Amino acid sequence: MTQRVAVVERILGANDRLAADNRARLDAAGVFSLNFLASPGAGKTSLVEQTVSLLAGRLRLAVIDGDIATSIDADRAAAAGATAVQINTGGECHLDAVMLQGALDQLDLSAVDLLIVENVGNLICPANFALGTHKSILVASVPEGDDKPYKYPGTYRGVDALVINKIDLLPYVRFDMDYFRRGVAALNPGLVTFPLSCRTGEGLEAWLDWVVAQVATGKMTHG
Amino acid sequence: MHELAITESVLEIALRHGRAAGAARITDLHLVIGELSSVVDESVQFYWDIVSEGSAAAGATLHFRRVPAQLVCRACGHSYSPRQALPCPACGSEDIRVATGEEFYLEAIDVASKEADAVALSETP
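Protein chains in written order, with our numbering: chain B, 1 to 223; chain A, 1 to 125.
All the given hints hold, so there is nothing to weed out.
Below are the SDA-like pairs computed for lysine to any residue, each with C-alpha atoms no more than 25 Å apart in a straight line: (1) B:151 to A:68; (2) B:148 to A:93; (3) B:148 to B:174; (4) B:148 to A:78; (5) B:151 to B:169; (6) B:148 to B:175; (7) B:151 to A:86; (8) B:151 to A:65; (9) B:135 to B:124; (10) B:151 to A:81; (11) B:135 to B:108; (12) B:151 to A:35; (13) B:148 to A:40; (14) B:151 to A:67; (15) B:151 to A:87; (16) B:148 to A:101.
Far from chain B by the CB rule (all over 10 Å, computed), these chain A residues: (17) 49; (18) 51; (19) 62; (20) 65; (21) 67; (22) 76; (23) 91; (24) 99.
Just so you know, the hints here were simulated from the structure itself, not pulled from any lab data. Because the structure is a prediction, the values reported are computed rather than measured. Glycine residues also receive a C-beta, built at the ideal position from the N, C-alpha and C atoms.
Same shape as in the complex, but just chain B:
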C-alpha cells in the first residue's frame, strides 16, 4: 500500500542556498565577483591574465581557478599579479557552490575588490550550478565556430556579458558574426558583448572599462 506525497522541490535547491550564502559573504566583504564560463581553449585564462595585469594598479584582485587537475591556470593568474587559489575538481565537470565556499575560506576577502572565478572549461554543466558570484561572463572565441549559441543555449541564456575572443583570427577562419549574434540575441536579448583579442589587445579597453564600472556599482550597492 503506497501513498503519493507531493514534493515539487528543485533538485539543485541545496546548491542554490549555498550560493546565496557565498553571495552574502562576498557582499559583506565588499567584494565584486565574476564567474568566467567557456569551452576549453576559448581563452579564459588569457582574459584573466590580461584583466589582472591591466587592472592590478587600480583594483586588488583575486582569482579562483577551477580545473580537473594541475595549477597551471592559478600560476598564470598569480604571475599576472593576483592572489590565486586553485580548486582541482578531481574529475567534476563544473564548480559548485560548495567548492567555491572552500576556496573563499582561503582568501582574505577584506583585501579584495574584484574576484574572478574561472570555471572548468565546459559549455554545459557549469550553467546549472550557481556559485553566488555577481555576474557570469561567457568567453566565446572565433575558432570555436559561429554555431555555439545554437548548440549550447543553456549557457548562452544564463550569462550577463559575452566576450568574443580571438577576433584577430576572423580573416583566417569561417565565422559568420551576424549568424552568431542572431543566435545570441534570440537567447539573451540585449546581452552586452565585447569582441576582443587577448593576443593583440584590440577591444580590451571596453571590457576593462565595463569591469571597473561593475565593481564601482557593486561597491555602491553593498560596500
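Given the structure of chain B, go ahead and fit chain A onto it with the hints provided.
Structure of chain A alone, referenced to chain B:
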C-alpha cells in the same frame, strides 16, 4: 556528466520529504526534467542504485517525465522547438521566450508506511 551530484541531491530531497510524511519506505520517485536542463536519465538511474543503497529509498523506481523544449515568439506568438531554429521560423523575430524545457525538480514520491519500518528510516542520513 554531473549526474552523481544530482542523484545525491535527489536522494536527500526524497528522504527528507519521506521522513516528514512519516513514511517507512520510498518506493517510487517522480522526476521532471526539461530538455534544456542537460541531465541524462540513464546516468541518474545508474548512480541511483549505488547512492540509494542502504537508505529508505533503496531500490525505489525512478520515473522520468521529460518536458520538451518549447519556444514562443513574443512578436507573433508562434510556438516552436529550438531544434528547428532559434529565431522565430515564422516571422524571423529574435524576441523569444522559453515556455518549457528548463524544469528540473522532484515532483512527488510514493511512500509505504509501515510502523515497524519507521525506525529504519530515522536512521538514514
